[in-house]
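S.K.: All chains, please: the whole structure from these sequences, using the hints.
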Amino acid sequence: MPATEVILSFFYNIDYDEEADDYEMDEQGNVQLMNGETTDWETVKKNGYDAFAFYYKKEDGTLLAFAQEELA
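Residue numbers for the sequence shown follow the working numbering, beginning at 4 and rising by one.
Read the hints as simulated data drawn from the structure, not as lab findings. Keep in mind that a hint or two might mislead.
Said to hold, decoys possible - As a list, the in silico EDC-like pairs of lysine to aspartate or glutamate whose alpha-carbon atoms are at most 16 Å apart: (1) LYS49 with ASP20; (2) LYS48 with GLU72; (3) LYS48 with ASP25; (4) LYS60 with GLU27; (5) LYS48 with GLU8; (6) LYS48 with GLU27; (7) LYS49 with GLU22; (8) LYS61 with GLU27; (9) LYS49 with ASP18; (10) LYS48 with ASP24; (11) LYS49 with GLU21; (12) LYS61 with ASP18; (13) LYS61 with GLU8.
M.R.: Below you can see the structure in the form of structure tokens.
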């Protein structure tokens, strides 16, 4: 099958305000990320995603998921 398009979708289903107690914040309100860097809480809420999926777009326009991962 010739690939026409590969699509990467991110899913943002985390209620950060409800789960804020699950995160350790420093005195400035920054959170340490998995890679060791820190960022502010608002950036975490804006950019944090809990799952992603890759789709293959077939010639007729339908999407076929070929890889999915839930991170939460």
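S.K.: Which hint numbers doesn't this structure obey?
M.R.: 2, 4, 5, 8 and 12
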